[in-house]
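*Asks:* Residue numbers (the numbering used here), protein chains in the order written: chain D, 1 to 262; chain S, 1 to 288; chain C, 1 to 354.
Take these hints with a grain of salt, some might be off.
As the list claims (entries may be wrong) - Partial selection, computed: residues in chain D whose CB lies under 10 Å from chain S:
no. : residue
1   : A88
2   : F123
3   : N235
Worth flagging that the hints you see were computed from the coordinates, not collected in a lab. Since the structure is predicted, the reported quantities are computational estimates derived from the model, not experimental observations. Heads up, the beta-carbon is just placed ideally off N, CA and C, and yes, glycines get one too.
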Amino acid sequence: MMTTRILEWLGRIYVWLLLAFLYLPIIIMALMSFNASPFYQLPFEWTTDWYASLWQNDQLISATWNSLKIAVITTIICVVLGTTASLALFRYEFRGKKLLQALLFPPIAIPWLITGTAMLIFFFGVGIGRGLFAILLGHVALALPYVIVVVSARLQTFAPELEEAARSLGANQWQVTNRVTLPWIMPGVIAGGLFAFAVSFDQFVVSYFLSTPGQTTLPVEIYAAIRKGFTPEINAVSTIIIVVSMALMLLTARFFKFGGEK
Amino acid sequence: MAEGAAASRGGLGKALPLLAPAYLWLTVAIFLPLSAMVFFSFMTDLPLTGKPWAFTLGNYAAFFSQSLYLTLLLASLRLGLEVTLWCVVIGYPAAYVLAKVLKGRSREAIFLLVILPFWSNGLVRIFSWAMVLREGGILDAALNAVLPFKINIDLMYSYPAVIIGLVHSYVPYMVLTCYLTLQAIDDSLIEAGRSLGASRLQVLKRVIIPLSMPGLVAGAALIFVPVVGSFMEPRILGGRTGTFYGTVIEDQFVAVFNWPLGAALSFILLAVVLVILAVASPVLRRAA
Amino acid sequence: MAGVTVSNVSRSFGAHKALDDVSIDFADGGFYALLGPSGSGKTTLLRQIAGFDFPDTGRISIGGESVERVPVEKRRIGMVFQNYALFPNMSVADNVAFGLSVRGEAKTVIATEVQRALDLVQLGKLGGRKPHQLSGGQRQRVALARAIVTKPRVLLLDEPLGALDKALRVDMQIELKRIQREIGITTIFVTHDQEEALTMSDRIGILRDGRLVQEGPPEEIYDRPKSEFAATFLGDANIFRGDATGNGIRLADGTAIAAGVGDRLAAGAKASCAVRPERIRIATDAGTTDSNINTLKGQVSKRIFAGNNSTYFVDRAGQTLKVIVQNTGADLLAEGQDVVLRWSPESTVLIAAG
Chain D
1 MMTTRILEWL
11 GRIYVWLLLA
21 FLYLPIIIMA
31 LMSFNASPFY
41 QLPFEWTTDW
51 YASLWQNDQL
61 ISATWNSLKI
71 AVITTIICVV
81 LGTTASLALF
91 RYEFRGKKLL
101 QALLFPPIAI
111 PWLITGTAML
121 IFFFGVGIGR
131 GLFAILLGHV
141 ALALPYVIVV
151 VSARLQTFAP
161 ELEEAARSLG
171 ANQWQVTNRV
181 TLPWIMPGVI
191 AGGLFAFAVS
201 FDQFVVSYFL
211 STPGQTTLPV
221 EIYAAIRKGF
231 TPEINAVSTI
241 IIVVSMALML
251 LTARFFKFGG
261 EK
Chain S
1 MAEGAAASRG
11 GLGKALPLLA
21 PAYLWLTVAI
31 FLPLSAMVFF
41 SFMTDLPLTG
51 KPWAFTLGNY
61 AAFFSQSLYL
71 TLLLASLRLG
81 LEVTLWCVVI
91 GYPAAYVLAK
101 VLKGRSREAI
111 FLLVILPFWS
121 NGLVRIFSWA
131 MVLREGGILD
141 AALNAVLPFK
151 INIDLMYSYP
161 AVIIGLVHSY
171 VPYMVLTCYL
181 TLQAIDDSLI
191 EAGRSLGASR
201 LQVLKRVIIP
211 LSMPGLVAGA
221 ALIFVPVVGS
231 FMEPRILGGR
241 TGTFYGTVIE
251 DQFVAVFNWP
261 LGAALSFILL
271 AVVLVILAVA
281 SPVLRRAA
Chain C
1 MAGVTVSNVS
11 RSFGAHKALD
21 DVSIDFADGG
31 FYALLGPSGS
41 GKTTLLRQIA
51 GFDFPDTGRI
61 SIGGESVERV
71 PVEKRRIGMV
81 FQNYALFPNM
91 SVADNVAFGL
101 SVRGEAKTVI
111 ATEVQRALDL
121 VQLGKLGGRK
131 PHQLSGGQRQ
141 RVALARAIVT
151 KPRVLLLDEP
161 LGALDKALRV
171 DMQIELKRIQ
181 REIGITTIFV
191 THDQEEALTM
201 SDRIGILRDG
211 RLVQEGPPEE
221 IYDRPKSEFA
231 ATFLGDANIF
241 RGDATGNGIR
251 LADGTAIAAG
261 VGDRLAAGAK
271 ASCAVRPERI
281 RIATDAGTTD
291 SNINTLKGQV
301 SKRIFAGNNS
311 TYFVDRAGQT
321 LKVIVQNTGA
331 DLLAEGQDVV
341 LRWSPESTVL
351 IAAG
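Based on the provided sequences and hints, a complete structural model is requested.
*Replies:* Have a look at this one:
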């Protein structure tokens, strides 16, 4: 009994150590973004200058706008296309359905380096070229499978008799979807949308290969800045990004419990 | 009586209009590009640049004739293996504690905290290690404040830095997949093992680990595959020592502009990835 | 309101014939039960009438209008599902209002109609609740109110009481029948519970392997089953098999059994006789020897006391017969006792083999 207790406490301590490992660098980066010394020297002196100077950095501002625009459009497209596809996969039985479902996994499983370079080659070859439109094309393709998987998981908890009941009461296909099915799967749709936003907003690899100077996103801009040399400005903008993306995922978790909705 | 329900749905005809937009998009942006990559990898030059081009096996010959590429691929595979092992060593015990020791709300909260960074920006998280690992950075300062003698910790731009950054990036995956299989193991199985006279270690070795194998394999595949193809992490944390297979591919596209060679190298990586996924898939399917 | 006619309807799923040339007439305002074991095609038939699925061949008409290719949402039917299928995201009132609302009825009309329907099922005060706040019986009533508020031409019920416990089920049977009488709607309901079918319906259709075995009023099917299956599926029956003798059969051991019910059969054909357990009298003595009465000797092998009646299992020449006797205070027979069984030819149904 005693040893069990001790082992359990050791386990708890271990988990907290892991959390420290996961969060300490991020916390330190955030602190440094408020430190006056541009060379990260201690002692710590509070300042918000680096955030203020972000506002003067037109390149970062425009890249941020691009990132936001692309993430929002990606989210909208993915939610619409992903939800309709999930509904079709849920409602109808047909040959090749298993194959279509299996096809969702290559975009998730293949490293982004490979998909990114492949997109670069193909978009160049067919004349789409690089730039924001190419980035949008890529982001939607990367996020779409996640949305379909999340919405489909929610649909698994939906009773098909509800659609039949609605039809028996005279509702047409649109009314059935709109008034019965969509309200039920809405938490899944919202979670899927937040996923899509996160995948797009945080996407670096694919954007990196598809961007051109001027037509770029925030992570690509940050990567370029890092390779030029560290500055506290990068800390500041990175801190903003990490806070935004963690907040997004917390929000997602509220709508969609990992491992199934209760 | 289920036959009626199944039949009244029915029809590719009805499903197709709803599926077409999503799958057309995936085709244009994923499947056609992957095919194009294979196609281009057999060319001497891009047919668009106006320069003459021809079909060739030269790009693949380059891979096999120049030991550099093979060496780098092996280095990347080794990197993937090391990172995966560290993730198992660090992640599995944490998953076990989460699944079997913690209960209720604290379990939920800590689980969320563990997987939360995974969904935040990877580039920024890698960058945050630069603050910690550099000479005069936090780790250096902290150790010198505690230790009586002066040491210089400068892990930045080294192989260990790359390992630390990648493990930090991917360990939540291992915790997630292992947690999901571990929590599905009925506690009574563990009690049954103990009641039959097995020690804690024996129960772990003969009951818990075999039952959570699908989670371990899934986690390993999900970590190994992207690590082998990583290029941003080695660039930022590895500096000059951070030349791996992924960075060479990146160079072909953004620095050297030898796209056909880059395509060939990418395709070889894809082949390696597919083999790994194929090997892992029987275990994964059993889990699903 | 309208009658429903199903003519020569067949439906296959792959190699499986779910419905095989089924014809049945549901008269206007009647209460019909479709009875059968699982896999008999009763639900498939209901779904054909509803319009969830279309027949391969054959015709279905509602109120004289041919509907076999009309989808469910245009058929103007009302349906109650096995698990109620209440919309979880809507209140009780919104559930009931759904059918009127998708037709674009005015809000005031909807409110009045919904209240009337909820009053009819005695849930007038619960309109604001969500389905998960209701008991099983209440959900059942909401499902019923929702199905009838649109004034459908026909009401279809798919094992509507299957999810309720026994006491509640009996209450709901009475309630359902009351509401059906009140609005006079043609009602077709699917069940595998023979007691439910007997007590509730005006007519019963028995299905087996996709075919309609027999159709008629409950008393007729009970008293004059046309097949061994109908005899044993609806109620209990002792079955004797032998060779037809015109108005009875001769068993393998030569015993003759006279039958007063059922079509006469050509002598020598294989045939059976069915006798209900409660029609057989059981006694310890030979009693009067009326040659008209069927008489068999046997031995009690088991007795089951069930309060108002007792069931005796009587062994005779390798066959176990079942006899049900009302408990009137007379002495019960002991297991192992030799007995004589008697029953009249009027209680014996002659059935052609097959």
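*Asks:* Hint by hint, note whether the structure agrees.
*Replies:* Quick rundown of the hints versus the structure:
1. A88: Hint on A88(D): holds, closest Cβ of chain S at ~4 Å, below 10 Å.
2. F123: Cβ of F123(D) sits 7 Å from chain S, so the hint holds.
3. N235: 8 Å, holds
When the structure is compared with the earlier hints, no violation turns up for any of them.
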